[in-house]
Amino acid sequence: MSSPKYPGFDTLALHAGQSPDPATGSRAVPIYQTTSYVFRDTAHAASLFNMERAGHVYSRISNPTVAVLEERIAALEGGVGAIATASGQAALHLAITTLMDAGSHIVASSSLYGGSHNLLAYTLKRFGIATTFVRPGDLEAWQRSIQASTRLLFGETLGNPGLDVLDIPAVAAIAHDAGVPLLVDSTFTTPYLMKPFSLGADLLYHSATKFLGGHGTTIGGVLVDSGRFDWGKSGKFAQLSEPYAGFHGMDFEDESGTRAFLLRARREGLRDFGACMAPMTAFQILQGVETLHLRMPRHVENTRKVVQFLAAHAMVETVLYPELPGHPDHELCRRLLPRGAGAVFSFNLKGGREAGRAFIESLRVFSHLANVGDAKSLVIHPATTTHYRMSDEDLKKAGITAGTVRLSIGLEDCQDLLDDLERALAAARRAAP
Amino acid sequence: MQIEIDGRKAFAYTAAHALDPAKPSVVFLHGAGLDHSWFGLQSRYFGHHGRNVLALDFPGHGRSDGPPLASVEEMAGWVARVLDAANVRTASLVGHSMGSLVALECAARYPERVERIALIGTAYPMKVGEAFLEAARRNEQGAFDMETIWGHAPKAPLGGNPNPGMWMYGDTLARLGRLGPGVLHAGLKACNGYAAGIESAAKVKCPALFILGERDQMTPPKAAGSLSQAIAGARVVRLPSGHSIMAEAPDATLDALVEFLPAPAAVK
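From first to last, the protein sequence lines stand for chains A and B.
Under the numbering used here, the first residue of the first sequence carries the number 1, and numbering increases by one thereafter.
Under the numbering used here, the first residue of the second sequence carries the number 1001, and numbering increases by one thereafter.
Do not rely on the hints blindly, as some may be mistaken.
What the hints assert, rightly or not - Below, computed lysine to any residue pairings styled on SDA-like, alpha-carbon distance capped at 25 Å:
no.	chain 1	residue 1	chain 2	residue 2
1	A	Lys305	A	Gly326
2	A	Lys350	A	Arg423
3	B	Lys1009	A	Gly249
4	A	Lys195	B	Lys1155
5	B	Lys1189	B	Asp1145
6	A	Lys5	B	Leu1158
7	B	Lys1222	B	Glu1130
8	B	Lys1203	B	Pro1240
9	B	Lys1189	A	Ser3
10	A	Lys195	A	Pro325
11	A	Lys233	B	Asn1139
12	A	Lys376	A	Ser362
13	A	Lys125	A	Arg389
14	B	Lys1155	A	Lys233
15	B	Lys1009	A	Pro243
16	A	Lys5	B	Asp1065
17	A	Lys236	B	Asp1065
18	A	Lys5	B	Ser1228
19	B	Lys1023	B	Asn1192
20	A	Lys350	A	Glu361
21	A	Lys233	B	Glu1115
22	A	Lys195	B	Asp1145
23	B	Lys1222	B	Pro1154
24	B	Lys1155	A	Leu14
25	B	Lys1189	B	Glu1112
Hint data in this document are derived by calculation from the structure and do not stem from the laboratory.
Please model the entire structure based on the sequences and the hints provided.
Rendered as C-alpha cells:
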C-alpha cells in the first residue's frame, strides 16, 4: 500500500464537507431553507433529541447547508469540528460562555478589534466575567496576569489595528502551563496564511464576514475546536467534565474528550443563546471559501505593493505592516506568516486630523466603510469609528493615533490603487497645516 | 465510571446510568489508538434503551491508565476482569477492529459469560504493514496519518459527516494526538501478532454478527471471510462505509446492532 496522502488545501476549500446531494445529485451545495426536519417515527425523534442518532432536528441547532460550511472550515483549519454562528462576535461569545461562569477571568491581548474589546472590557464585566488586557508581545505580562479564576487566554493572530503578531507557540505554552486553553481570532490570516492549531492554539474563530466570505455581502462567524485541549485533565472546566442538569445530566467529557467543547457549545450555546447561522448565509460564505486559495495570494500581492508605496511616501509617517523590517514583530512574522501578513494594515499620516479627513474623502477606488476583507479595497479612520469607544489610554495601548488610517487591500488592478492613494495623499498634503 | 483493574484506573462509559443487575449488558471495545467515544451514538442508544453499557477505554487509551496491553489475549483477560469488577455476569460484546479480535477471543475463552458478539470492521489475519508498524514504533506523525487516512473511506475527507459540523479526520487525529508514546504501536502489534483467530472462531457458540464496510481500506470485507465462515451461523451485514463504520454509517450500524442484540424484554 502506498503512503497515504491528505487532500490539498485547494481541494478541501472546494469539496470538504459535501457530497453531491443524495436527493437530487446537485453538485453545488443545496440551500436547505428549512427550520425543521420530519422524523421517521416517534422512536427516531426521541433518538435524535437524545443524541443517539446523527442528524438534524431544528436549524437553530444544526442545518445541512450550515454543516457543510462548518465541516469545510474545520477541515481547512485541521480541527475536530466547527460551529457556524450569526457573526464573528457571536462566535467569540459562544466560546466564552461555553467555558465560563460569573467569576471567571480572561487574559486578553490589548490589540483587539474594538467590538471584541467592548465585549470583554464592558459587556461581559456586567455578567461577572473579568478581563485583564496585556500587550500581545509582553509574554511576562501574559504569565503575570493569570489568576486562579483564569479560564482563557485570548488574542488575534494579527492584532487590530497595529498588526502585532501573536506569538502563538509562546502564549499557548503559558496557557497550557496554567491549565487553560488559548483562543485566537484568526480572521485576518484565514487558514490560507496561518494554521493556529499547528502552532499550539486550542480554539479559534473567524469573522467569516471578512476574507472567508470575501465579497462584503454577508455577516457570519465560525468557531473551531482543535479537540486537543484535555478539559478533564485541566480540572478547571466543570462545564465540560461534570454532569449538566441542562442536558439530562450529560457529562460532555465522558461522552467524548475530543468533542466535549463543541457538544456543549452546540447543545447549550446554540440552543439557549440562539446566535445561529442561516442556511443562505452559509451558502454565500461557502461561495467565498471556494476561492479563498486564489484570492488570498492576490490580496497579499497587492498589499505588499501598497505597503512599499506608502512606506516610501513623504506624507506617511509610519506603516504598520510586520513584513517591514522596522515593525516590532518582523522576525515573528517571518517565522509564523511565511505566506504573508494579510491584507489589512494601518499607517500613520502626517498632518493631523485635517489631512486625514482630506485623504479619506479624496479616495475614489477605496470605499470608506466599516469592514475589512472585502474583494474591494476599503479605508477607515479607527480613532473616530471602529475604536471610538476606547479611552485615549486604551487607544494608545492599541497603537492608534489621530493620524492612523486603516486600509483593507482588495483585488483591483494594483496600479489603480496606487494612483488613488497618490491622489489622496496629495490632497492630504494640501490640507495639512 | 472509574474501575480499578490490576491496580490501575480504567474508564467505562455507562451513558450516565448506574449498572442494574436486572438489565442485559453490552460492552463496547474500541480499535487501536482510539477510545470509547468511537461508539458514541451507539453506546448512548443502548444505555438509554434498557441495557447496561460499558464502553471501555483499553489501558493507555482515552481515560484509562497505561501501560497498553501487548496482545489480544491479554486484552481479553482484562475485559473479563472488568466484568468481574463491575459485577456483570454475562454481556454481549461489540468490538471494532482490534476490539473485534478481543470480542472474538473473549467469546472463545469465556463462553459462559459472552451472550453475543458483534465484530465491526474486522479481518483475520489482521496484518499491519511493516511501514505502518515501524512509524508507530517510532511514534511518528506518519503513523497517525496512516491510521487516519486508511481508517476511513477514500471519499471521507470530501464527503459530508453524518454528525453535523464534525470533521472525521480531525477527530481521529485529535484522539491519536492524545496517546502516550508507544500506545498505537502496542495496539497495531497486538493485531498483527494475533494468531488464534480461526481456532478461537471455531470455539464460538454464541450468535455472531459481522458488520463490514464495503469501502474499508484497512480491513476490506473479503478479509473477514475466514472468520465469518468459521463461526457457525454468523450473519454478515455490509454497509457503504470505510473502516470507521460507527462514524461513517452511524445509523445503519445502530440499526444492525439493534436487530442483533435482543430487546431487554426478550432476554431471560
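Here is how each hint holds up against the structure:
1. A/Lys305 / A/Gly326: With Cα atoms ~17 Å apart, A/Lys305 and A/Gly326 stay inside 25 Å; holds.
2. A/Lys350 / A/Arg423: Roughly 15 Å between the alpha carbons, so the hint for A/Lys350 and A/Arg423 holds.
3. B/Lys1009 / A/Gly249: holds (23 Å)
4. A/Lys195 / B/Lys1155: holds (23 Å)
5. B/Lys1189 / B/Asp1145: holds (17 Å)
6. A/Lys5 / B/Leu1158: holds (13 Å)
7. B/Lys1222 / B/Glu1130: holds (21 Å)
8. B/Lys1203 / B/Pro1240: Not OK: B/Lys1203 and B/Pro1240 at ~30 Å, beyond 25 Å, violated.
9. B/Lys1189 / A/Ser3: Holds, because 19 Å separates the two Cα atoms, which is no more than 25 Å.
10. A/Lys195 / A/Pro325: Roughly 23 Å between the alpha carbons, so the hint for A/Lys195 and A/Pro325 holds.
11. A/Lys233 / B/Asn1139: holds (22 Å)
12. A/Lys376 / A/Ser362: holds (17 Å)
13. A/Lys125 / A/Arg389: holds (16 Å)
14. B/Lys1155 / A/Lys233: Not OK: B/Lys1155 and A/Lys233 at ~34 Å, beyond 25 Å, violated.
15. B/Lys1009 / A/Pro243: holds (20 Å)
16. A/Lys5 / B/Asp1065: violated (32 Å)
17. A/Lys236 / B/Asp1065: holds (21 Å)
18. A/Lys5 / B/Ser1228: Status violated; Cα separation ~32 Å.
19. B/Lys1023 / B/Asn1192: violated (36 Å)
20. A/Lys350 / A/Glu361: Within the cut-off at roughly 16 Å; holds.
21. A/Lys233 / B/Glu1115: Violated. A/Lys233 to B/Glu1115 sits at ~36 Å, over the 25 Å cutoff.
22. A/Lys195 / B/Asp1145: OK: A/Lys195 and B/Asp1145 at ~18 Å, within 25 Å.
23. B/Lys1222 / B/Pro1154: Satisfied, since the Cα-Cα distance of roughly 18 Å is no more than 25 Å.
24. B/Lys1155 / A/Leu14: holds (14 Å)
25. B/Lys1189 / B/Glu1112: violated (29 Å)
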